[in-house]
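Colleague: Sequence:
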Amino acid sequence: MSTLDDTRWTLVAGRQQAEFLYAVTTMGIYCRPGCPSPLPKRQNVRFFEAVDAAEAAGFRACKRCDPKGERAAIARAVVEDACACIEAEEAIPSLEKLAERSGYSRFHFLRMFRDHTGLTPRSFAEGVRARRLQAALVAGARVADAVAEAGYGSESRVYEDTGKLLGMTPGALRRGGAGETIRTALADSPFGRLLVGATASGVCFLGFAEPDDALLGDLRQRFPNARIVPDDAALTDTVRAVVAFMVEPRQALDLKLDLRGTAFQLRVWEALRSIPPGQTRTYAQLAEMVGNPRAIRAVARGCATNPVSLAVPCHRIIGSDGGLTGYRWGVPRKRTLLAREAGDLSA
Numbered sequence: 002m003s004t005l006d007d008t009r010w011t012l013v014a015g016r017q018q019a020e021f022l023y024a025v026t027t028m029g030i031y032c033r034p035g036c037p038s039p040l041p042k043r044q045n046v047r048f049f050e051a052v053d054a055a056e057a058a059g060f061r062a063c064k065r066c067d068p069k070g071e072r073a074a075i076a077r078a079v080v081e082d083a084c085a086c087i088e089a090e091e092a093i094p095s096l097e098k099l100a101e102r103s104g105y106s107r108f109h110f111l112r113m114f115r116d117h118t119g120l121t122p123r124s125f126a127e128g129v130r131a132r133r134l135q136a137a138l139v140a141g142a143r144v145a146d147a148v149a150e151a152g153y154g155s156e157s158r159v160y161e162d163t164g165k166l167l168g169m170t171p172g173a174l175r176r177g178g179a180g181e182t183i184r185t186a187l188a189d190s191p192f193g194r195l196l197v198g199a200t201a202s203g204v205c206f207l208g209f210a211e212p213d214d215a216l217l218g219d220l221r222q223r224f225p226n227a228r229i230v231p232d233d234a235a236l237t238d239t240v241r242a243v244v245a246f247m248v249e250p251r252q253a254l255d256l257k258l259d260l261r262g263t264a265f266q267l268r269v270w271e272a273l274r275s276i277p278p279g280q281t282r283t284y285a286q287l288a289e290m291v292g293n294p295r296a297i298r299a300v301a302r303g304c305a306t307n308p309v310s311l312a313v314p315c316h317r318i319i320g321s322d323g324g325l326t327g328y329r330w331g332v333p334r335k336r337t338l339l340a341r342e343a344g345d346l347s348a
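Counted from 1, the sequence shown has number 95 at position 94 by my numbering; the numbering is strictly sequential.
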């Protein structure tokens with residue numbers, strides 16, 4: 002019969018992450034499971050619940066896996082400072098300037114920044130500029146003024162990279178839905194009130210589990226200048242399909258969509274739609290699916306800004322430890338959706 006220590010050793014030997022520590026008596030160090038150091042012999046290993054217990058027994062922290070999190074905390078502070086510097090600068094700071102500010106070599110700083118953000122400093126800075134441009138356009142600024150305020154040298158630079166920066170032309174983003182009509186339908190659903198919004202091109206908003214005013218407010222914030230009109234009759238079939246999916250989400254929710262976002266957001270949403278019902282992916286796996294394995298935080302933001310939940314199934318993304326993590330419409334609803342997709346219709 003296996004013991005708790007046997008189970009823990011299996012995790013250590015498999016380089017799996019877990020909430021305990023192991024110490025190597027011949028080395029005098031303690032590590033996290035998953036440490037990249039050479040695997041010790043089983044007879045030389047002791048297990049501990051926490052750092053204090055390992056250190057009370059005379060062991061010191063491994064420098065490779067950093068079980069106390071001290072190096073990670075320092076690196077996080079360095080990266081946060083660099084991000085704040087980038088946010089504050091009008092122009093993109095050079096890698097040399099950021100590395101000098103951090104006190105580390107260019108190589109070491111670049112590796113820390115990538116490890117914590119999934120991006121290079123320049124890519125992060127380009128994202129900051131794109132967000133500034135997007136915010137200014139949505140607020141109604143003239144395109145020329147928004148381009149200058151965001152730190153771009155010329156409008157031609159923006160129009161050349163429109164897809165990469167905004168996912169649409171600056172003019173279309175500035176209009177905020179002006180000249181468009183969004184038909185809406187409100188209905189009861191298994192998860193509370195449901196709002197569906199659709200343009201002539203397809204469903205552009207799908208939200209639930211909040212009061213009607215809050216759902217409509219979210220839609221208006223996304224399309225501040227659009228004409229929003231109730232049209233329950235035109236959206237009857239769409240509402241029926243969404244409610245049926247909530248009850249029994251065993252098949253994909255196949256709706257005609259009108260998705261608007263940055264090029265990166267669109268890639269994230271398309272990758273989410275490729276995850277079959279009944280399956281899940283971690284944020285790291287989703288980052289690999291969009292072709293940028295280090296962009297874990299960026300794909301998490303992409304999930305959080307998903308305007309058509311269920312049709313773009315961000316509920317199928319879980320934490321690396323299997324935890325459900327956050328969900329815009331509540332973790333209990335996420336748990337229910339996943340359970341029903343897995344075949345438990347009693348959930």
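Calculated from the structure, these hints are not laboratory results. Since the model is a prediction, treat every value here as computed from it, not as a measurement. Be aware that a few hints might be false.
Here are the simulated distance ranges between beta carbons [to be verified]:
| hint | residue 1 | residue 2 | range |
| --- | --- | --- | --- |
| 1 | 15 | 52 | 21 to 27 Å |
| 2 | 252 | 123 | 38 to 44 Å |
| 3 | 252 | 106 | 32 to 38 Å |
| 4 | 241 | 302 | 45 to 51 Å |
| 5 | 241 | 11 | 27 to 33 Å |
Ideal Cβ placement from N, Cα and C applies to all residues, glycine included.
Colleague: Each hint: holds or not?
Modeller: Taking the hints in turn, this is what the structure says about them:
1. Between residue 15 and residue 52 the beta carbon distance is about 22 Å. The supplied range of 21 to 27 Å therefore holds.
2. For the pair residue 252 and residue 123, the supplied restraint of 38 to 44 Å holds, since their beta-carbon distance comes to about 43 Å.
3. A beta carbon spacing of about 53 Å between residue 252 and residue 106 contradicts the range 32 to 38 Å that was offered as a hint.
4. Under the hint 45 to 51 Å, the C-beta atoms of residue 241 and residue 302, about 32 Å apart, miss the expected range.
5. Look at residue 241 against residue 11: about 49 Å separates their beta carbons, and that is not inside 27 to 33 Å.
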